[in-house]
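Here is what each chain is made of, one letter per residue.
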Amino acid sequence: MKSMSLYVERESTVHHIDPITKLVYIAAAIALPIILPSLHTAWICMLISFVILGMGRVLTRSLPIIGFVGFILLTVVIIQGFFHVGNETVLFRLGSWPFYEEGLLFAMGITFRALNIVGAFLILVLTTKPSDLVESLVRKGLSPRIGYVLSSVFQIIPQMMATVDTITDAQRSRGMETEGKLMTRIKAFLPLIGPVVLSSLIDTKERTLALQVRGFNVKGSKTFLNEEKMYRYGSAMRWSMLAIVIGAVIWRVIA
Amino acid sequence: MSLIEVEHLKYRYPATEKLALNDISLTAEAGELIGIVGKNTAGKTTFCQALVGLVPHFYKGAYGGSVRIGGMDVKESGVDETIRKVGIVFQNPFTQVTGSKLTVYEEIAFGLEHLGIARQDMMERIDHALHLLDIEAYKDRAPFDLSGGQMQRMAIASVIAMRPQVIVLDEPTSQLDPQGSEEVFRAIQSLSREGITVILAEHKMEKLAAYADRIALLHEGMLIDYDTPSRVFSRSDLAEYGVEAPIYTRVCQAIGFRMLDMDTYPVTLEEAQAAYEAQHSAISASSQEEQGGRYD
Amino acid sequence: MIKIQDVCFGYNEGQDVLQGLTLEFDQRTTAIIGQNGAGKTTLVKLLKGLLKPTGGDIWVAGVNSKDVTVAQLAGKIGLVFQNPNDQIFKRTVLEEVMFGPLNMKVETAAAKQQALQALEMVGLADQTDVNPHDLGLSEKKLISIASIVAMNTDIIILDEPTIAQDAAGKRRIAQIIEQLSQEGKLVMTILHDMDFVAAHFERTIVMNRGKVVLDDKTREVFSHQDLLREACLDTPYVTQLGKQWGLPETVLTTEELISAMKRPR
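Protein chains in written order, with my numbering: chain A, -1 to 253; chain B, 34 to 329; chain C, 2 to 266.
One chain only, chain A, in its complex shape (with noise of 0.2 Å):
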């Protein structure tokens, strides 16, 4: 089925770990290379976020997203190579132009820490199902409601996609353009703008009325058909590194 997820199905311990674990990953991937600005910590970071991605088998997944990200990065490294404003040390010269290390060293980091959050972000997009997610945020205390939204956003819009489809064909089938060229496909566009959003509101009022007979607003605690994923060290995992950005910061302090 057409389906914007991400999510890779694979078999691995990282699959395993519960979607909360995975966001206080993040959390602390992005904390860490704050608290401690040097350059050692931004690799490291970096390197965990890829061995991990590596453990839930995805790695090859990542590999396009990441590439592109690094992509842009290298474009960055080049900038701040030849002119960040710290230059002294020329590492070599290109023609007449100098290239300098502080600004090498200091695009690195940014590279560094950009790929680390990228990764970390990874390991819960493409390791964690989208309703796994959600539904561990709303029993965490997020409202059903924008649980709801934020898990049926995956299916109806694919759902979306193809009824502009169905409109696009019964326009072309009255003699409407719709073929060829960039201008052609502009003024096509408009048009179907007034269906595609009538028909969806439609939608939306049947579908508030089936949500509601289905008891979407029945007020009271709510149960879950699947058991809550826990996994046996994720609170060990989350208070590790809670005491991981602790000491961190303490580091900071005293040194």
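Among the clues, some could well be false.
Computed from the model, here is a short list of chain C residues facing chain B with C-beta under 8 Å [unchecked claim]: (1) Gly21; (2) Gln36; (3) Ile164.
Label pairs and their computed distance ranges (CB to CB) [what the hints assert, rightly or not]: (4) A:Glu7 / C:Glu108: 56 to 64 Å; (5) C:Arg29 / B:Asp178: 34 to 42 Å; (6) A:Leu196 / B:Gly111: 26 to 34 Å.
For the record, the hints were derived by calculation from the structure and aren't laboratory data.
Just so you know, even glycine gets a beta-carbon here, dropped at the ideal spot from N, CA and C.
Dock chains B and C against the given chain A, drawing on the hints supplied.
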């Protein structure tokens, strides 16, 4: 006391002048299958939604009279209470899919989760509903990947799992192909056999005639008739209400085949056949008599 | 008016929905029947040019569908979609119905004339200034039929025209089909309502698993109960009743059955 008691129900949608429901009173007993017929603007959908409390609670508007299900007043109790006793299934199977669940099994759980049903109980109910609607085979499929008929049966299962005493079906097959309709009709029959009270609005008169215990004929928001399929479909003024009797009835009416010893016409293929045989044996009996007379 | 030769089509490679179809369509009103997944919708989309065959050729009024865009083909063949909400997008009924003719580069005055005639035919001539979305589903369906009729194509295809229609709506649609056919147009339909097919279409094509299994005069088709059952289809109720009562001929309408039963035997 009857399970469903509707008394002098009147309703007008906001910003309109005409009554959508005009003084409807009827009762239905537990386990009955009630058909609702009428032309497109007769008020079938409005009546169906009044039974679950969506009228007036969702639409607002002016409301008079009362609907009581098992003694509970729908207007006073509100939708969230009423749905514990009455479930409703709509026309379009697509827009009833919540979209937040990845499998049919989870989809059926949606209502139960919101009602706060304990997990063990929930699974038993889902398994029973899957079995009743004959969709066990699809329980791990994605909801949007089902065919229309399968999707509509999933919608019914989702409501049935909530264990209502009454299930209201508003033209559940109007957007399905014959195979899908047949699947849904078979499912409705098994619900009825389970003792669930079914209210079914439908255009397919041949089906209603075969399955319904009683038929409510609506026109312009009013209840014109509420009787057995034979009596309602034998009415000579049916066309005035924009309703066509089953083909069997129309043909038999035109050629004067009545039900044996009754003033009504056949409404199903079987009844038409029985009426034909009765007619035939009457004719051959009389011609035998004639022949016998001659030889005497 | 339409000729299709050895047409194959598949949405995914290696899985052909249609397998080498060869058909010709003339002016007879034609119904295509078959269970879901038999390939009816795919066939209609191919005729309309919305899909292009992966093998074989389709000629619509002498034009090969591969050589033109859908919009260019729109003047020759019209398709009324199953769900009118997918099709309606103007503010008034008149504008909606004029949209097609205007796309065909018809002058505004003439387009209006065509639109009014079409609305007259479907019985909505007094609703020209109404917003289509204020009307009910069955009226919207009539508007979507009018907006195709207004384009004055020689071929009109109706996708499930009787869905969500009550008795009166069905009668109206039957009248429209008859009138269009009398004007010399080819009216085709995909339809699940067997009694409607029996009463209003001269030719019936039965599809099953991407192939044509029967293609004949409607009466002939509905006398093949066995073949229809193989394609998971039923004969019309009225035909079943006629068989049940032991009539030798295949009846297609209640009128036929009634007069057959009144006939002295």
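Going through the hints against the structure:
1. At a threshold of 8 Å, the smallest CB-CB gap from C:Gly21 to chain B is about 25 Å, leaving the interface hint violated.
2. The beta carbon of C:Gln36 comes within 5 Å of a beta carbon in chain B, closer than 8 Å, and the hint placing it at the interface holds.
3. The interface hint given for C:Ile164 is met, as the beta carbon of that residue sits about 6 Å from the closest beta carbon of chain B, less than 8 Å.
4. Range check, A:Glu7 to C:Glu108: Cβ separation about 60 Å, and the 56 to 64 Å hint holds.
5. A hinted range of 34 to 42 Å holds for the C-beta pair C:Arg29 and B:Asp178, which are about 38 Å apart.
6. Between A:Leu196 and B:Gly111, the C-beta spacing of about 30 Å keeps the proposed range 26 to 34 Å intact.
Hint 1 from the earlier list is the only one contradicted by this structure; the remaining hints agree with it.
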